[in-house]
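Listed in order, the protein sequences are those of chains Y and V. Going by the numbering used here, the first residue of the first sequence is number 1, and it counts up by one from there. Going by the numbering used here, the first residue of the second sequence is number 1, and it counts up by one from there.
Simulated from the structure, these hints should not be mistaken for laboratory data. Please note that the accuracy of each hint is not assured.
Claimed, not checked - What follows is a set of in silico ranges between Cβ atoms, one per label pair, in the way DEER data are often shown: (1) S63(Y) with L441(V): 48 to 54 Å; (2) G124(Y) with L157(V): 35 to 41 Å; (3) G243(V) with H147(Y): 57 to 63 Å; (4) E141(Y) with D240(V): 34 to 40 Å.
What the hints assert, rightly or not - If you want the footprint, here are the derived chain Y segments under chain V, 3+ residues with CB under 8 Å: (5) 42-48; (6) 103-114; (7) 130-139; (8) 205-213.
Said to hold, decoys possible - To give an idea of the interface, some chain V residues facing chain Y are shown, with a C-beta separation under 10 Å as derived from the structure: (9) F340; (10) I440; (11) R444.
None of the values given here were measured: they were computed from a predicted structure. Virtual Cβ for every residue (Gly too), placed ideally from N, Cα, C.
Here are the chains, one letter per residue:
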Amino acid sequence: MVAVSDPILEVDGVEKYFGGITALDGASFDVESGITGLIGPNGAGKSTMFDCITGFRDPDGGSVWFRGEDVTGDSPSAVANRGVVRTFQIPHELPEMTVRENLALAPRDQRGESLVASWARGDGYYEDEQRAQRRAVEAAERFEISHVLDTPAGELSGGQRKLLELARALLTEPDLVLLDEPLAGVNPTLEERILDHIQTLAAEGYSFLFIEHDIDVIMEHCQEVIVMHQGRVLMRGEPEAVRTDDRVVDAYLGGDAE
Amino acid sequence: MALADFLVSLLTVVSVYTLFGLGLNIKYGFTGLVDFGHVLYFMTGAYVTVVVTLPVAATSYEGIGGFALPQLLSGVPLGGLLAWFVAIFVAMVVAALLSLLVGVPTLRLREDYLAITALGIATILHTVVNDERWLFNGPFGVRDVHQPLAEAFPVSLGSFLVNLAVFGLVSVLVLAYIGYRVGDYVYGVDLRAAAMAAAAAVLVVAGLGAAALGGALVLGGVLVAVAGVVVLARGIGRADGFGRPLALFTALVFVAWHFGTPFFTAGPSGVLASAVWLFDPTAGADGGFTYGRFVLLVAVSFVAVAYWWCERTVNSPYGRVLRSIREDEDVPEALGKRTFRYKVQSMMFGSALAAAAGGLWATHIAFIDPTQFIADITFFAFTAVIIGGAANNRGVVVGTAVFWTLHTGTRFLNDYFPTEYATQLAALRVMLIGVLLMVILYYRSEGLLGEQTYDTGVAAEEGGRSE
């Protein structure tokens, strides 16, 4: 596929059906570097789209390309290892494990993650694990959860869970982070902090695709907005163009988009 | 049978099932795989070990095998033992491969479906082994189990007195070491709780002792014993934790049972026999170290190695991934870990340990048939793991000891009731364990020890090695 400005992620006509229900009806869009918002009314297929991109669901049709390579139908771990990592709408902390362990789990390609290496503990095992531990602490400091490092993640507050989830995703050193409603159920102060983090990280070169409902947040923080409606992409454009588009307004107000 | 022999046999059984439980703990405790077919690998281990070492013409055996490995290696020094180790190794590999075959289709299922499917496969294969005589002799079982070095036992060091001195000294040292560890643990217990634990031990021992005399004393004795349990429960309620009073109580009851019972039946010589439990005065001309005791040592060594091995596995980044799968499989998968592969490896490792336990079991029991490998064994192991605390290797040891002591140790109760009640008593013993499980799940759902702590070998703060 040849794209105009070298998109990171290309979604091409993805379809997904659940029984008789059409969740995704040939949705196509490109994601370029920077921060891209994905909006749409409830049931538009945003989370299903995330699942199809990250391999948690196999699309029934269409294809997903990441940096020019076809990743359609790859397993979630394979997609993650190419550099696309996701968070979940409901935070998926590992409740019985400490925050430290939650974070130390994340770095990719740790030597000690192989069964035989965990027995043999040969060259690089300890250095590698030290690096993972150090990075876990750094990430906790950056996201201001270092005071709960040794707390089981199940005991964290809702906001801390969101931060943990974001920190953990970034420890995999991804190219593109898919955030599924990172601001849902978060108080305004924390919302600002999370958005600051995203802005700073974007300036460092990470790209984001995130699902959000608050149009003001989208306006302020996104370079591009993709609007989904009834399993299709309604439009894609700059925030200002999206806000004033009649079709988008209709979709959100429940009117007929066509 | 002297009390010491019973103790040796019980400890061997506990060791074998601890090894079995360690395998289950890798699957269930650390990875969250509910493998209701775990006994399949125990059976596999037992049969493979036996068949590989079976002589060509075994007594009334019509199944496959008779690979006669010990005879093949008879030219090698200690060939019989070497053949046995090779057989155990082969059994572990076969069980691991079998669990790979079972795991590849079933591990894609969610946990409850995995449990049912694993149980189904284990039941099918158990039925096949039971019904197909050409395979492993079917319901008639396998005799002529190879027992390595059996011909060298009982070991005698010359004279009765030398035997008594040497083996007795070792026995006493073992008891002293265990006593020291228990004392060290109990030390510092709240005095009132300690007194209540001691009183509870006296009541329980006296009550059971009175009940054992039979007749009208049975009911009164049982009531006194129950009162003892109530006192213990109150004592535990007063202490900071339940561990120390419970350990004290257990130790006192053990001492009363192990030394008190023989005193009443055989006098001071009975006490001596219990103290030098590793020495069997009736073995051979001068007494000595019996084969059963040797098997116990082998089993304990196996448990020690497996324990170390499991600890090393779970205290690593690998173990961290296993636990993350147990917590929420989507997370490690989203972070780029190939969780399916980890689950398969966990199955294979746990199954290999179960197979080693099976091989040991066959060697201990010297005759195997399909009735020894029914699904109950899996559920006994689950019970033991849950009593001790899932995801805790030490908890497996404690839980298995509690379970099998209650299960087997209460068998002597049969002696005090008319024989026609034997079946009912057997059922009652299982019910007793069920009650214990319920009490533990109600008051302490994480099990006696709870989940263990982890250390990947790197001190978290300093970034240095913590070993």
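Take the segment 103-114 of chain Y, compare each residue's beta carbon with every beta carbon of chain V, and decide whether three or more fall closer than 8 Å. holds (count 9)
For G243(V) and H147(Y), compare the CB-CB distance with the range 57 to 63 Å and indicate the outcome. violated (31 Å)
CB of S63(Y) to CB of L441(V), is that within 48 to 54 Å? holds (50 Å)
Within the assertion that chain V covers the segment 42-48 of chain Y, do at least three residues meet a Cβ-to-Cβ distance smaller than 8 Å? violated (count 0)
Cut-off 8 Å, C-beta pairs, minimum 3 residues; does the coverage of the segment 205-213 of chain Y by chain V stand? It is violated, with 0 qualifying residues against the three required.
Cβ contact check, 8 Å cutoff: the segment 130-139 of chain Y against chain V, three residues minimum: With 5 residues closer than 8 Å to chain V, the segment 130-139 of chain Y meets the three-residue bar; holds.
Range hint 35 to 41 Å: satisfied by the CB atoms of G124(Y) and L157(V)? violated (50 Å)
Quick one: are E141(Y) and D240(V) within 34 to 40 Å, going by C-beta? Because 36 Å falls inside the window, the suggested range holds.
Against chain Y, run the beta carbon of F340(V) and see if the smallest gap drops under 10 Å. Since the shortest Cβ distance to chain Y is 8 Å, the answer is holds.
Per-residue hint verdict: I440(V), partner chain Y, C-beta under 10 Å: Because about 19 Å separates I440(V) from the closest Cβ in chain Y, which is outside the 10 Å limit, the hint is violated.
At a threshold of 10 Å, is the proposed contact between R444(V) and chain Y supported by beta-carbon distances? Interface hint status for R444(V): violated (16 Å vs cutoff 10 Å).
Going through the hint list in order, the structure does not satisfy hints 2, 3, 5, 8, 10 and 11.
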